[in-house]
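Trainee: Once you have looked at the hints, place chain B on chain A.
Number of protein chains: 2
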Amino acid sequence: MSLLVIGTVALDSVKTPFGEAESVLGGSATYFSVSASYFTSVRLSAVIGEDFPKEHMDVFNKHKINTDGLVTLPGETFRWKGSYGYDLNTANTLETHLNVLMEFKPKLTKEMANCPFVFLGNIDPDIQIEVIDQLKNRKFVALDSMNFWIANKPEELKKAIAMVDMVVINETEAREFTGTPSLVKAAKEIGKMGPKAVIIKQGEYGSISWFKGEVFSAPAFLLEDVYDPTGAGDSFAGGVMGYLAKRGEVNKNSLRQAMIVGSAMASYNVESFSLDKLTSLEFNDVVNRYNEIKRTTIFEDLK
Amino acid sequence: MSLLVIGTVALDSVKTPFGEAESVLGGSATYFSVSASYFTSVRLSAVIGEDFPKEHMDVFNKHKINTDGLVTLPGETFRWKGSYGYDLNTANTLETHLNVLMEFKPKLTKEMANCPFVFLGNIDPDIQIEVIDQLKNRKFVALDSMNFWIANKPEELKKAIAMVDMVVINETEAREFTGTPSLVKAAKEIGKMGPKAVIIKQGEYGSISWFKGEVFSAPAFLLEDVYDPTGAGDSFAGGVMGYLAKRGEVNKNSLRQAMIVGSAMASYNVESFSLDKLTSLEFNDVVNRYNEIKRTTIFEDLK
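Protein sequences appear in the order of chains A and B.
Sequential numbering from 666 applies to the first sequence in the numbering used here.
Sequential numbering from 666 applies to the second sequence in the numbering used here.
Think of the hints as simulated: they come from the structure by calculation, not from any bench.
Note that this is a predicted model, so its numbers are computed, not measured.
Be a bit skeptical, because a hint or two may be false.
[Stated by the list, open to error] Under the rule of at most 27 angstroms between Cα atoms (straight-line distance), these lysine-lysine pairs were calculated in the DSSO-like manner:
hint, chain 1, residue 1, chain 2, residue 2
1, B, 727, A, 968
2, B, 959, A, 850
3, B, 959, A, 959
4, A, 959, B, 850
5, B, 942, A, 853
6, B, 917, A, 959
7, A, 959, B, 877
8, A, 917, B, 968
9, B, 968, A, 727
10, A, 804, B, 968
11, B, 853, A, 959
12, B, 850, A, 680
13, A, 968, B, 804
14, B, 853, A, 942
15, A, 911, B, 968
16, A, 959, B, 861
17, A, 861, B, 959
18, B, 877, A, 968
19, B, 959, A, 857
20, B, 729, A, 968
21, A, 877, B, 968
22, B, 911, A, 968
23, A, 853, B, 959
24, B, 850, A, 942
25, A, 968, B, 861
26, A, 850, A, 823
27, A, 959, B, 857
28, A, 968, B, 959
29, A, 968, B, 917
30, B, 968, A, 942
31, B, 942, A, 850
32, B, 959, A, 877
33, A, 959, B, 968
34, A, 917, B, 959
35, A, 968, B, 942
36, A, 770, A, 823
37, A, 850, B, 680
The shape of chain A in the complex, shown without the other chains (with noise of 0.2 angstroms):
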């Protein structure tokens, strides 16, 4: 089934202990719709500026990710500068220009209204809310969201929350959202206000779910180098979303294998800067890791 995406396309400046890239192509649907579509077809809403090169174009195009919904403004791309320390796990934020990401009110296609699968990444949850009231044909919704939001309109996004299936957050969010340092009772907090099911994320620890009051443990795959981080978690979703389209159901047993697709998809993403790595796996490479996490799990009953 078809999976439609809101989110940011930005070009980002990355420095890492391992090197650095500047204004490479970025931004959470970016990460999330080349994620995604090695799984089901994919459509992108988000806006560019002027100033954003044609070659990031076939990025999208190589992986048939329908960009309809791609607007182009006047004025310059989203941009995001930062930087990660020697552990790799938290971004510094050098720079953000929202630029014509001000301006970004998404309007749906008739065929992007139709998408079954959708995922609202963290924008404004008033933005998330109109985005949800045009969806025309939906089966399985999820959003992100993030500090900025959780600190500056809780209400509207817990409005936003109470009419999605599914939220994808990480566990700082979700501890400061909720107000508790317990993932399992910050997911079932959120799961109160209408979900009926919720994923955290914790970076290169992997992730946990709560769904139908039952917790699952999802491990990241155990990497030797990660280059950078950036995108790991839209990474994570879009493996996650992209694969739970292509069953077309979520049930207890495809919401777990989509959460080890997502901790494949992070793996190879932090493998390169950018999207390099990302662009260029092949099916079986994602079955490959997948079944190497598999590995990294298995244990035998109590003797």
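Mentor: Relative to the frame of chain A, chain B by itself:
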């Protein structure tokens, strides 16, 4: 098979967001030995002062822990005072009084030297080496260490590591010791020093192991309420070594099972202050939690 542990017995004062406890029973060897006692017979080698309350001996007696090696020296028992913030991940040490610990030089009795399974808590690596030299019937010897020895006696620690079968260390220390942010690389680096197994503890996220070139991810049990994280790592190690000693052999399967047992023991431990919960379990509680952890990790093959 019997298990010998050398480490600290302490009187702890702990404050968490959920309460506080004054001069309660603590110390790495205490948590370790009580946890391990659910699986095998344990001999404890440690030192206490003349102020050590008699009722605390009842804990060791209740768990049939042999205390022939628990030496009383003139002076006060080792005391640690610490607090935990809201996220419960990092202990802030407020006071450390080594007291009689300064004079601790473990001399093994014949019975202690004949224990096939041995765990060396995070004491001075020179003392760890002296203990290893006294062993007469070793089958599987493991050691723990800490930032103080990594910073001050790295060469002695490497020498001790070369003499053991397994290293159990937490992730911050593993990174510091090997100078790499990657835990897989860190585990391999430590493995190159001699031991055939390396376990890296990740606190609330669980642990990973490296054994004969294979990596394993053991999740922590996801608790709704954590009251006091003190002793979690030692209860984990006690579960791991206790289970391995019970099995009598260390292979890929028994090590993976042992780590899940360790997660189970650590999860019970943090549900109360001091050893309140850890001293009141039935063996069936361990089995139940092991099975609960298993349920949170199972996923099907990729379709």
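Trainee: Has the given pair, residue 968 of chain A with residue 861 of chain B, been kept, meaning a C-alpha gap of at most 27 angstroms?
Mentor: The given pair, whose Cα atoms are some 23 angstroms apart, holds under the 27 angstroms limit.
Trainee: Against the 27 angstroms threshold, does the CA-CA distance of residue 959 of chain A and residue 968 of chain B hold or violate the hint?
Mentor: holds (14 angstroms)
Trainee: Residue 850 of chain A and residue 823 of chain A: Cα distance at most 27 angstroms?
Mentor: With Cα atoms ~17 angstroms apart, residue 850 of chain A and residue 823 of chain A stay inside 27 angstroms; holds.
Trainee: For a C-alpha distance cap of 27 angstroms, please report whether residue 911 of chain A and residue 968 of chain B respect it.
Mentor: This hinted pair holds, its Cα atoms lying about 10 angstroms apart.
Trainee: With a cut-off of 27 angstroms on the C-alpha distance, tell me whether residue 968 of chain A and residue 804 of chain B pass.
Mentor: Holds. Residue 968 of chain A to residue 804 of chain B sits at ~21 angstroms (cutoff 27 angstroms).
Trainee: Does residue 877 of chain A pair with residue 968 of chain B here, judged by a C-alpha cut-off of 27 angstroms?
Mentor: holds (22 angstroms)
Trainee: With the threshold set at 27 angstroms, check whether the alpha-carbon distance from residue 911 of chain B to residue 968 of chain A stays at or below it.
Mentor: Within the cut-off at roughly 10 angstroms; holds.
Trainee: Quickly compare the C-alpha distance for residue 959 of chain A and residue 850 of chain B to 27 angstroms and report which way the hint goes.
Mentor: At roughly 20 angstroms apart (the allowed maximum being 27 angstroms), residue 850 of chain B and residue 959 of chain A satisfy the hint.
Trainee: Regarding the pair residue 959 of chain B and residue 877 of chain A, is the alpha-carbon distance no greater than 27 angstroms?
Mentor: holds (18 angstroms)
Trainee: Below or equal to 27 angstroms on CA atoms is what counts here, so check residue 968 of chain B against residue 727 of chain A.
Mentor: holds (24 angstroms)
Trainee: Are the Cα positions of residue 942 of chain B and residue 853 of chain A separated by 27 angstroms at most?
Mentor: holds (25 angstroms)
Trainee: Does residue 959 of chain B sit within 27 angstroms of residue 861 of chain A, going by the straight-line distance between their CA atoms?
Mentor: The given pair, whose Cα atoms are some 23 angstroms apart, holds under the 27 angstroms limit.
Figure legend: structure checked against the earlier numbered hints; every hint is met.
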